[in-house]
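Colleague: All chains should be modelled from the sequences, with the hints used to inform the complete structure.
Listed here are the chains, written in short residue letters.
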Amino acid sequence: MTDLAAPRGSQSTPRTRRTRLSEFALETLIRVLGFSTIGFVVLIFLFLLREGLPVFFEVPPGSLFGAHWYPTFGIFGTLPLILGSILVTIISIAIALPLGVATAVFVREVAPRWAREILKPIIEVLAGIPSVVLGFFGMTFVAPLVREVLGAPTGLTAFSGAFILAYMALPTIISVAEDALDSVPKGYRDAGLAMGATKWQTIWRVVVPAARSGILTAVMLGMGRAIGETMAVMMVTGNAAVLPTSLASILQPVRTMTATIAAEMGEVARGSTHYHALFGIGIILFVLTFLINLAAASAIFQKRRKGGLR
Amino acid sequence: MIPRTTIRLAAAAFLAAVLATGCTGHSPGGAAPAAATGAAVSIQDTGSDTLLNLALAWAERYMTENPQVRISVTGGGSGTGIASLINGTIQIANASREMSAEEIAEAKKNNVTPVKFTVALDGIAVVANPGNPVQGLTLQQLSDLYTGNITRWESVGGRSRPVVLLSRESNSGTYVYFLEQVIRLGDSKSKSLFSPRTLLMPSSQGISAEVEQNPNAIGYDGLGYVTPAQKMIAVARTAAGPYVLPSVRTVLDRTYPVSRPLFMYTAGQPTGAVKEYLDWVMGDGQKLVRDVGFVPLPGSGG
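Note that the protein sequences, when read in sequence, are chains A and B.
FYI, the numbering for the first sequence is 1 to 310, going by my numbering.
FYI, the numbering for the second sequence is 1001 to 1302, going by my numbering.
Note that these hints are calculated values from the structure, not bench results.
Just so it is clear, the structure is predicted and the values come from calculations on it, not from any experiment.
Zero decoy hints are in this set.
Straight-line C-alpha distance at most 20 angstroms; calculated SDA-like pairs for lysine to any residue:
1) B:Lys1108 x A:Ala269
2) B:Lys1189 x A:Phe73
3) B:Lys1275 x B:Val1115
Computed footprint of chain A on chain B; a stretch qualifies when at least three of its residues, placed anywhere within it, have a C-beta under 8 angstroms from a C-beta of chain A:
4) 1100-1113
5) 1164-1171
6) 1206-1216
Label pairs and their computed distance ranges (CB to CB):
7) B:Gly1272 x A:Gly39: 40 to 48 angstroms
8) B:Ala1229 x A:Ile38: 48 to 56 angstroms
9) A:Ser246 x B:Met1232: 30 to 38 angstroms
10) A:Ala248 x B:Asn1149: 19 to 27 angstroms
11) B:Ser1072 x A:Arg31: 40 to 48 angstroms
12) A:Arg18 x B:Met1063: 52 to 60 angstroms
Positions of the beta carbon are idealized from the N, C-alpha and C atoms, including for glycine.
Modeller: Here you go:
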């Protein structure tokens, strides 16, 4: 690094030439690495398309989005799987959003300093729990509880799955929402208090609304986490490919797209319709995740344009 | 400036989506082809989860007796094992069902001639929660339960409760066998299917956990996987009986109606270490079968 301080004017000393050469090499290396990441992502996407697109020609669209999924018998109706994933994701966000935002507000605005320093690492540890462990916890603890308390025939339901997913999305939502609250300028709080608002009124009417686009991003990222989760969901939701039609479906088993891919990919013969159908589900999942991420990204973009409030 | 930022954001979202999707799919599992390291011989044995415990017991015993042979055993389902055999990544595929015509055709396309060995017998136990008063069911009743024609336990002599159907995933050989022999009652022209309400559990462990704690549940699994906290249901061919509980004896004398052979498949006639291993499995290895909860081949003295 001291080489950089070499005087600019003296060009062709061997020393500066070497510096320039090594700098060029480093820059090229970093550039190649950076672009290769993008290249890999594009390749993954192309692979997904190559393996998945044939199903849209092999199976007529009417039956591809039909209500029954019996892949072993050539019936590939993906509708129950798509709706299953969406149902589980929506319930999990409905649970995680109030909990996550409330926790973030508590950690950032209410908790005394010492409590904050204990809480933040604990929340980060929460993010590191493997999903299999949470799935096992859900299977042996949450599922019986759901059956006994809510009176469902079985505890392996969309609700149990959503409960576990909410738990998994919480760390993401809390830390992103907390960052958003953190970047609300102190002047906003001072102004609120100076206007005679109580602490609670300042938090609820001034600080949280000022951070709303950051909180929205937090929710989107949490959703992305929830819709792509596989293992815990497979262990807890019962995996019955029933079309969720009414509100009562919350307490019935569902089968998600991710669980279907994970459970069935191991058995399929390469190149069969079933194989293409699983990759087709991957494409559908990809499109959904893409839309969610795009929504999150545009929320960030909008708030940047509005003047940098996070 | 604005459109450019939008494009960048869209690209970022796109990348994130690809990564998120990419992480959820898992590639078809397959072991690396056996590589002979020094004098040691390595055999890859993959497939049926039903056979997994037995295959592990065999491999462990055989490796202590023949330290020069390394056998790695993994599960994943009969379909997984057969697919790996066809792809040429393993030497032995464990299967709890026979290969389908499509699979054999697929193998032929890859220049693989699968050879079948019957290595043990298995009774498929129908299990329920110990609190369930139902003692026996006929095959017809089981079929009606699993196709969704009967949805309440009181219709088959139980308490007034809904029935929760449990099954293994569709890549399980047990799933295919149960469908053909119980739900379709062995009728190859039948088009009956599992009720869509059937809960497909990814593992035997999933079935036992749910049966042990849920009084509404009914499930099925290999005899070797029934834990003491589950109650076995006696099965009868007709309503007149006899209602028979699965055991080594009732499977061997064929009085228990839901039993099947278990197989190991090789790619072509086995030679060398694989042949020696399979000969041992069907000979001395049979002595281990009963300990793991399966039924030894008739006349093997196991």
